[in-house]
Amino acid sequence: MVKSPETKLEVGVPRGSVLGPLLFAVYCSPAADVIASHGIRHHQYTDDTQLHLAMRANNTAAGLSTLAPCTANIKLWFMQNKLQLNPDKSEAMVMGTANQLQAASSLTLVKVTGVDLSVADDIKVLGVLLDRRLTFDKHVSTVAQSCNDHAPAIRHIQHLLTMDLAQTLACSLILSRIDYCNAVLHNAPSGTMHELQRVQNNATRIIHQAPRRSHAYSLLKKLHWLPVEQRISYKLALLTFKTRQTSAPAYLSLHIIARSRTRSLRSSDVPLLHVPFRCTVIGK
49 MVKSPETKLE VGVPRGSVLG PLLFAVYCSP AADVIASHGI RHHQYTDDTQ LHLAMRANNT
109 AAGLSTLAPC TANIKLWFMQ NKLQLNPDKS EAMVMGTANQ LQAASSLTLV KVTGVDLSVA
169 DDIKVLGVLL DRRLTFDKHV STVAQSCNDH APAIRHIQHL LTMDLAQTLA CSLILSRIDY
229 CNAVLHNAPS GTMHELQRVQ NNATRIIHQA PRRSHAYSLL KKLHWLPVEQ RISYKLALLT
289 FKTRQTSAPA YLSLHIIARS RTRSLRSSDV PLLHVPFRCT VIGK
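For what it's worth, our numbering labels the leading residue of the sequence shown as 49, then goes sequentially.
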């Protein structure tokens with residue numbers, strides 16, 4: 049073991065340090081108070097800050113009048129704390145139902161710290177493509193295309209690999225992309241799920257060196273791979289269980305509420321959760 053020489057730092061954190069991400073999050077945490085003071089919801093993940101603003105489709109000006117001073121104060125806070133907010137790298141998008149988007153079609157620009165941002169049809173948030181209707185069609189197509197780019201390469205060298213090594217490659221290059229943030233696809237349209245299922249089936253056939261039209265269900269069982277929809281359900285169940293047990297993260301724990309019972313039923317001992325009512329598909 050070799051120990052590096054000690055150096056005293058007056059400011060900053062060495063790049064690549066273990067405490068770097070934690071210290072950065074602590075240093076930037078007061079920005080949340082600036083955002084909350086304007087009554088705007090937000091979410092922070094390292095250097096990525098998202099602002100969520102609910103507006104009426106027929107009166108977007110009222111909502112944007114709150115957003116402009118909020119972003120200006122955030123920029124001022126960053127400048128006072130020796131950080132830089134680059135509005136040119138910011139993006140804006142309006143989400144809603146088809147009728148709401150039609151009513152708000154006149155909203156094409158959003159002003160952020162004095163810079164006019166064009167309203168985008170989709171934005172990438174931590175590797176997930178969000179569209180205006182939250183259909184996730186483009187995200188799934190992008191994931192499927194990325195997986196299909198790697199599948200031929202694995203098939204080309206599969207005869208040189210053992211089954212365990214081929215499975216490891218498929219898990220790291222294909223299955224990892226299918227599983228990444230797949231919880232957002234819960235209750236997605238069947239056509240969207242079938243596109244990802246075809247990708248998984250193709251990877252299964254490659255591992256087993258099976259014909260392209262062979263039935264994939266039995267091959268999935270041999271690999272102990274759950275189908276895509278069941279993988280999503282399993283991840284949601286696991287996430288819910290961990291959140292219930294640890295009450296963290298708080299922004300999820302606050303929304304996971306046990307169902308209250310007004311009278312005794314046979315299902316009283318079942319740990320059911322309260323499902324809030326939503327009248328629109330995008331709300332659900």
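These are calculated hints, taken from the structure and not from any lab test. Incorrect hints may have been included.
What the hints assert, rightly or not - The calculated lysine to aspartate or glutamate pairs, modelled on EDC-like cross-linking and capped at a C-alpha distance of 20 Å, are:
1. 130 with 58
2. 123 with 139
3. 269 with 227
4. 137 with 185
5. 186 with 197
6. 159 with 58
7. 290 with 197
8. 130 with 170
Right, here's what the structure says about each hint:
For the proposed pair residue 130 and residue 58, the alpha carbon gap of about 14 Å is at most 20 Å, so the pair holds. The hinted pair formed by residue 123 and residue 139 meets the criterion: a straight-line CA distance of about 15 Å does not exceed 20 Å. Our distance criterion of 20 Å between C-alpha atoms is met by residue 269 and residue 227, whose separation comes to about 18 Å. Distance check on the hinted pair: residue 137 and residue 185 sit about 24 Å apart at the alpha-carbon level, beyond 20 Å; violated.
Under the criterion of a C-alpha separation no larger than 20 Å, the hint pairing residue 186 with residue 197 is consistent with the structure, at around 16 Å. In summary, the hint linking residue 159 to residue 58 is not supported, as the alpha carbons are separated by about 37 Å, beyond the 20 Å threshold. A threshold of 20 Å between alpha carbons decides the hint, and for residue 290 with residue 197 the separation of about 35 Å lies outside it, so the pair is violated. About 31 Å separates the Cα atoms of residue 130 and residue 170, which puts this hinted pair outside 20 Å; it is violated.
Hint compliance for this structure: hints 4, 6, 7, 8 are not met, and every other hint is.
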